[in-house]
Amino acid sequence: MKNYSEIANSPVLWFLTALAVGLVLLQTIRFLKKSFLAGKEMGISNERMKTAFVTGSISAIGPSIVIVIGMVSLLIVVGGPTALMRLAYIGNVAYELLAAEFAANAYGVALTDAVIPREVFSTTLWIMAFGCVGWIVVTALLTDKMDKFKNKLAGGAAAMIPVISSAAMLGAYGYLNAGYAISLDKNTIALVTGFLIMLAVTIIYKKTKKKWLNEWGLTFAMVGGVIVAALI
Amino acid sequence: MNNNYYNQKYIPQIIRTGKITCWVGTLLVFLPAIIVTFVFGIVPSKGPLMVALVAQLSINAVWWFVEPISFFPILGIPGTYISFLSGNISNLRIPCAAAALKATETEVGSEEGSVISTIGVGASVFVNILLLVVGVIVGTKLISMLPESVTKSFSLLLPALFGAVFAQFAVDDIKNAICGMSLGIGSLLLYKMGLFNWIPFDPFIVNILVPIFGTMLFAKLTYKKNNADEKTAEN
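Quick note, the sequences are listed as chains A and B, same order.
Each residue of the first sequence is one higher than the last, beginning at 1 in the working numbering.
Each residue of the second sequence is one higher than the last, beginning at 1 in the working numbering.
If we strip away everything but chain A, and leave its shape as in the complex, we get (with noise of 0.2 Å):
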């Protein structure tokens, strides 16, 4: 039986992520365009609008790196098309390689063997495509209603509105750190000079008001994290 690896890295599967991309593109620029402009109605100074801009590029570097490296082991089982859409498109790193796995598995191999059917490869795509699909699904479904939702926990209280919003990012990121934490490995020794480092970044910074500390304090923290936890 003939390797799956030219169909998964065939021109019409790039030719479809490059859509996928496209439409992804797309919406940012429009998105961006929008918000530019309703900022500047609103009041919000260029220099903020350029801050956000900048800092969201810095702080996407790193992240993006991990998100790499995911690809690479992704794109030996599914090709190169395939692994960039799912990447850059809804997916996230950890269901798009827990996908293959799962239909090598229904087919008793492992993606580790030397010969894998190539009906796990379009398996692979149904199940990408399926275990997806529900995130856009419900964002288009439900965005606009959310704001009514959100206005509710906060109680029709506009003050509070900011409070329960910061409220729930101090809950997501005990969430996110509540692994890490718990592993007493490295992962936490990253996460807590991490921490420490952009505490102090911080403080330097509501007494300084150095505008680059604020551009630049997250890729201190994280390259100080690794560094910290990589030597120890």
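Just so you know, these hints were derived from the structure itself, not from any lab.
Among the hints, erroneous ones may be present.
[Stated by the list, open to error] 30 Å max Cα-Cα, derived DSSO-like pairs, lysine-lysine:
hint	chain 1	residue 1	chain 2	residue 2
1	A	LYS34	B	LYS9
2	A	LYS40	A	LYS210
3	A	LYS145	B	LYS9
Source: prediction; values computed, not measured.
Based on these hints, arrange chain B on the given structure of chain A.
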């Protein structure tokens, strides 16, 4: 300052574009599977397909609802559309939105906040796609050239980043930060002990719902209490 612009122009435009792009995305997401099955003729066997599908959906179908609802207070309407179409929410979009809000000293959840976090998330989309494209071209070769100790330490980037974002928000809100972290660790420990196994679907969702909505509730209760205290103090 034009308050009406946000509600009467910006948000309706965003909702229109957001809905269209999401529905187009819904169709597009199936095309690779359709083409490979019907054009290239690699038809999956029904049995294994169903087995794998059930396995995958039992793990992530609940997250379709939990994630958009849980992260909505942070992302706002435009941020939710842009984040869920581009994916990688918790590991990329949320940190970028958080960083943009903090760097510009904007309140989360406010109207300004939703504009600022959308700009931050939008910027992250460009960087992410650029790095993925570079990665897909040179990735395998470059990464196989790096020593294992280096690639292993890359995985430490995320905990370091998460700790740092948490610090930014914890500084201004120590009580809620302690609450969020305790609920996060507490529910995870109880989950590991198997205390949530009675839940009919993936019990792991408890670990996100309890910290987020628990901290929101805690903030609501303590906020009311503080305000009441202030009022009595004033009187």
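Each hint tested on the structure:
Of the supplied pair hints, the one linking A/LYS34 and B/LYS9 holds, its CA atoms being roughly 9 Å apart against a limit of 30 Å. With a CA separation close to 24 Å, the supplied pair A/LYS40 and A/LYS210 stays within the 30 Å bound. Restraint check for A/LYS145 and B/LYS9: satisfied, since their Cα atoms lie roughly 17 Å apart, inside the 30 Å limit.
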